[in-house]
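Q: Chain by chain, the residues:
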Amino acid sequence: MSRDARPLVSIVSVEKHFGAFHALRGVSLDVAEGEVLCIIGASGSGKTTLLRCINQLAVPDSGAIWVAGELTGYRLAGERLHRLPEHEIARQRRATGMVFQRFNLFPHMTALENIIEGPLQVLGRDRASAVAEAKELLARVGLADKAGNYPANLSGGQQQRVAIARALAMHPQLMLFDEPTSALDPELVGEVLAVMKELAASGMTMIVVTHELAFAREVADRVVFMDHGAIVEAGSPAQVLGAPKEARTQAFLSAVIS
Amino acid sequence: MSRDLSPPAGSAEPEPPLIAAAFPDVSGCPVARQHHLGRWTAVVVMLVLLGLLGHAFAIGQIEWVFVGRFFFAPVILWGLLNTVVMAVAAMALGIALGILTAVMRLSPNPVLQATAMGYVWFFRGTPVMLQLLLWFNLALVFPAIGIPGLWEARTVDVMTPVMAALLGLGINQGAYTSEVIRAGMLSVDIGQYEAAKAIGMTRLTSLRRIIFPQAMRVILPPLGNEFIGLIKTTSLASIVQFAEILHNAQNIYYANSRVIELLIVAAIWYLIVVSILTPLQHLLEKRFSRGAGAHR
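In the order they appear, the protein sequences are chains A and B. Straight run, no breaks: the first sequence in our numbering ends on number 258. Straight run, no breaks: the second sequence in our numbering ends on number 296.
Treat the hints with care, as some may be off.
[Stated by the list, open to error] Listed next, the in silico DSBU-like pairs over lysine-lysine satisfying Cα-Cα at most 30 Å (straight line):
hint: 1; chain 1: B; residue 1: K286; chain 2: A; residue 2: K135
hint: 2; chain 1: A; residue 1: K135; chain 2: A; residue 2: K197
hint: 3; chain 1: A; residue 1: K245; chain 2: A; residue 2: K197
hint: 4; chain 1: A; residue 1: K146; chain 2: A; residue 2: K197
hint: 5; chain 1: B; residue 1: K232; chain 2: B; residue 2: K286
hint: 6; chain 1: B; residue 1: K286; chain 2: A; residue 2: K146
[To be verified] Derived, one-sided and incomplete: chain B residues facing chain A with beta-carbon distance under 10 Å:
hint: 7; residue: G191
hint: 8; residue: A195
hint: 9; residue: K197
hint: 10; residue: A198
hint: 11; residue: K286
hint: 12; residue: R290
hint: 13; residue: G291
hint: 14; residue: A292
[Stated by the list, open to error] Derived contacts from chain A toward chain B, CB cut-off under 8 Å, selection only:
hint: 15; residue: H87
hint: 16; residue: F100
hint: 17; residue: M109
hint: 18; residue: G118
hint: 19; residue: V122
hint: 20; residue: R125
hint: 21; residue: P151
hint: 22; residue: S155
hint: 23; residue: R166
hint: 24; residue: M170
It is worth saying that the hints were derived from the structure and are not from the lab. This one's a predicted model, so the numbers in the text were calculated from it and none came from an experiment. Note that CB positions come from ideal geometry on N, CA and C, so glycine has one too.
Chain A with its partners taken away, still in its complex shape (with noise of 0.2 Å):
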């Protein structure tokens, strides 16, 4: 794939209602190929809503997401836009891999029957290969001897492991994590913080939700503060989080540290 001058995700001007609450408000955000992005912020400023936006498992009231080249959601014809049938829908999220909070491992199957389900069942390709790239993607997260466990038979460590791999089968262009170690018990995190780590030094695109913000400071690239669905700030980690301009993210900062 050639590199384009283009960001690879284009967020403009989204706006977000449930109901009477105003998840999104005018929210903007370019990320470049190859960076690692940390969003921050309390619950209920607009975070995961965004990260699900940029996958379609929401959708935007108005303005435009475009990911890898392509508008999502959306096909243009004669200055309108059509909404997109669903097979197209699916196609598109393939570009993004998503891991969940809550992990969402599908527990009828075993951990490589997780990973080779998306490569069989959507990309449509043969067994043998899908098994053989799933057992180097269980073993690049540390789990090469689980393949046979199933998720009920696996810490919430490595299950968020096994959803990474899960993730990353599908040959993503960019990565969302959704507060990827919020459910784990604290001695947990570090494992999966681990992989993620080095799926960031590979060189994944990655926009990851978080409360982790050693993990923010020392791996992304740009952290990006929100609050009452907007951006506050946004720069490079150093900045807004060692000196932080706007008093609404001193106060988040301050209060989370604390």
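Guided by the hints, dock chain B onto chain A, whose structure is given.
A: For chain B alone, kept in the frame of chain A given last:
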């Protein structure tokens, strides 16, 4: 249940002598046997009642030799076959309609939702026997049915007892089954739908691969219940002259007046069929509990 009378956790550490002296040390005492007096009383009462019931039937006017004579009569076996085949066919139709209706009901399209709800409302809201009679007498409404230009037939020729029984039982069953299947689909965590979407699955693929296999665990026990109910409901199809086992048993006792004996023959056959189904259901349930963990 064994009782744990040893001191609570933490006793490994040196005990403070003051506390130890306050209560007698029970750590070495054996637990005495319980006597279960109530249990023995219940056993005696039940045995007496069962004995009385057995005695009543033994001196009652039942010619058991007729039960034996008709148990394997060709007409009875033919009726049994009809019952089982009809129950399986009607259940298959019911499951197909049930899946379709449940998926329609949970679709975002309001027209599909309303159609599904209307179907369930009508076919759950009227008696099966009435529906059987409606199908059987369809010719009164539509003397001829068919696809214009392709195929046409007189309704009386199409709506045979078999056809009326299949449609009446299967379409009624579909209304109940759709609710069982919908409950199963609702039992699957919303995160499973999202995870399936996130790896690029379409709605149909995610239903087939992710949602239904998990919903089956919840669906199977009530569905087994439904099937057992349906086997017995097939007896209602005798009203449209369908030759199921009870219908055929009745035909015999109209001729020889051995009413109770033939009803016993039919009852035993129903019990045998249902008894065979129970372990089959257990096998199916095991098949669909993969990954559910040892604690389920």
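Q: Next step is simple, just say for each hint if it's right about the structure.
A: Hint by hint, here is what the structure shows:
no., hint, verdict
1, K286(B) / K135(A), "28 Å, holds"
2, K135(A) / K197(A), "20 Å, holds"
3, K245(A) / K197(A), "27 Å, holds"
4, K146(A) / K197(A), "21 Å, holds"
5, K232(B) / K286(B), "26 Å, holds"
6, K286(B) / K146(A), "23 Å, holds"
7, G191, "4 Å, holds"
8, A195, "4 Å, holds"
9, K197, "6 Å, holds"
10, A198, "4 Å, holds"
11, K286, "13 Å, violated"
12, R290, "5 Å, holds"
13, G291, "4 Å, holds"
14, A292, "7 Å, holds"
15, H87, "5 Å, holds"
16, F100, "6 Å, holds"
17, M109, "7 Å, holds"
18, G118, "4 Å, holds"
19, V122, "4 Å, holds"
20, R125, "13 Å, violated"
21, P151, "7 Å, holds"
22, S155, "13 Å, violated"
23, R166, "7 Å, holds"
24, M170, "6 Å, holds"
Checked against the numbered hints above, the structure violates hints 11, 20 and 22; every other hint is satisfied.
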